[in-house]
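Here the structure of chain R is known, so what remains is to put chain H in place on it, guided by the hints.
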Amino acid sequence: MNRTIAAAAVIAVLLFSSGEAGLAHHSVAANFDASKPMDVTGKVKEVAIRNPHSQITLEVAKPDGGVTEFFVEWSDKNALIRRSVPVDKIKVGDKVTINVSPSRRLSNLGYFRTAQLPDGTVLRDCGFAAYRDSVQKGTKITC
Amino acid sequence: MLNIAIVFMVLAQASAPVHKRAELNGVWILLRSNTENLKLTPAGEKLRAAYDFQKDDPDMRCIPASFTRVMHTPSPPIEVRQHQDRVEINYEFMDVKRRVPLKAQLTAKQAPYAVSKHPHMGRSVGSYDGETLVIETIGQRAGILDTLGVPGLYQSDQMRTIERFTPNGDTMQVTVTHYDPVYYLEPLKVNYTYLRLPDGKILKWDCKPEEATYERFLPPKK
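Protein chains in written order, with our numbering: chain R, 1 to 143; chain H, 1 to 222.
So that you can see chain R by itself, here it is in the shape it has in the complex (with noise of 0.2 Å):
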């Protein structure tokens, strides 16, 4: 429970405060912090799978009423093929928690990392290293 306010208490921060500086470059590890891993629970508005980047659109209740968008970048569209990544499990309209990692500068923007549907169910991305370390090995995709 703790855990949960506290997590929410970041997103509030993170989502009502500025943040629009540029980012340095782009890559996945220099834009996100994966060390403060946090939980965004929102209506889905929009499942965008594409390359070079999928996204997820939520709309996130805002602490004084009303709505604000907060979007989940995701890997390529390709790699998730690959990966098997059940992606048609995120649905337009569905209230979800999604674990991300948060954007270093801009507040609205977290990378994913799990998804609770509302079933329950857990949907997970292994990710790129895993396939590759699954490439190598010959095995199925785990994680």
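It is worth saying that the hints were derived from the structure and are not from the lab.
Do not take every clue at face value.
[To be verified] When the alpha-carbon atoms are kept at most 30 Å apart in a straight line, the in silico BS3-like pairs for lysine-lysine are as follows:
1. H:K208 / H:K117
2. R:K43 / R:K62
3. H:K117 / H:K189
4. R:K77 / H:K39
5. R:K91 / H:K55
6. H:K201 / R:K140
7. H:K39 / H:K109
8. H:K201 / R:K36
9. R:K89 / H:K201
10. H:K117 / R:K45
11. R:K89 / H:K204
12. R:K95 / H:K208
13. H:K201 / H:K189
14. R:K62 / R:K36
15. H:K55 / R:K77
16. R:K45 / H:K204
17. R:K91 / H:K189
18. H:K208 / R:K77
19. H:K204 / H:K55
20. R:K89 / R:K77
[Unchecked claim] One side of the interface only, derived from the structure: several residues of chain H facing chain R at Cβ under 8 Å:
21. N25
22. I29
23. L195
Glycine included, each C-beta is placed from N, C-alpha and C at the ideal position.
This is chain H only, laid out in the frame that chain R set:
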């Protein structure tokens, strides 16, 4: 006597060095990469310090900056297809389809654009050095060289690049050396190790600038 001569001829042929063509055909994914010998000139340092990915990164506009940048993208694989007179390298990232002629009498200057859709990537010509495919590229337009391995590296239109593709079982070593006196005090070396992707296929990338730019995350300008 004739029999002895034939035996000698067969033995001589068997012991002669075999110059086997590099077997690079297939689809490959990046295992690891590193950049060596990064020694920038003052002009290179200045540009790197001023580099701002939101404004300067061509990938944000779906333009492949360079082969070096394209190969640094971890997940999309590359495909090598060897033919008698050319090598085709199809990079999934940004749908880059490169054609490298292998004609001995052809110089890089005379070669056609390596990627017809992206003339800024220069002109390439290839040859085999034993087990290694060697590609020379010139005529690359001045601009960004890398935004991912080492972000903010630039190239001048004087740059000459030598790539060496060497197979090693299920891996392929690619060593890229950039000679560019405008921005680099010494040749810049980038090493990539690729892993064979069994039954791999190159998929369409189909990048759209409005979906690639970071501006989509920013509030609308007033």
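Against the structure, the hints:
| no. | hint | verdict |
| --- | --- | --- |
| 1 | H:K208 / H:K117 | holds, 15 Å |
| 2 | R:K43 / R:K62 | holds, 13 Å |
| 3 | H:K117 / H:K189 | holds, 26 Å |
| 4 | R:K77 / H:K39 | violated, 36 Å |
| 5 | R:K91 / H:K55 | violated, 34 Å |
| 6 | H:K201 / R:K140 | holds, 18 Å |
| 7 | H:K39 / H:K109 | holds, 27 Å |
| 8 | H:K201 / R:K36 | violated, 36 Å |
| 9 | R:K89 / H:K201 | holds, 25 Å |
| 10 | H:K117 / R:K45 | violated, 36 Å |
| 11 | R:K89 / H:K204 | holds, 23 Å |
| 12 | R:K95 / H:K208 | holds, 29 Å |
| 13 | H:K201 / H:K189 | holds, 29 Å |
| 14 | R:K62 / R:K36 | holds, 21 Å |
| 15 | H:K55 / R:K77 | holds, 25 Å |
| 16 | R:K45 / H:K204 | holds, 26 Å |
| 17 | R:K91 / H:K189 | violated, 46 Å |
| 18 | H:K208 / R:K77 | holds, 13 Å |
| 19 | H:K204 / H:K55 | holds, 26 Å |
| 20 | R:K89 / R:K77 | holds, 15 Å |
| 21 | N25 | violated, 17 Å |
| 22 | I29 | holds, 6 Å |
| 23 | L195 | holds, 6 Å |
In summary, the structure is inconsistent with hints 4, 5, 8, 10, 17, 21 from the numbered list given earlier, while agreeing with the others.
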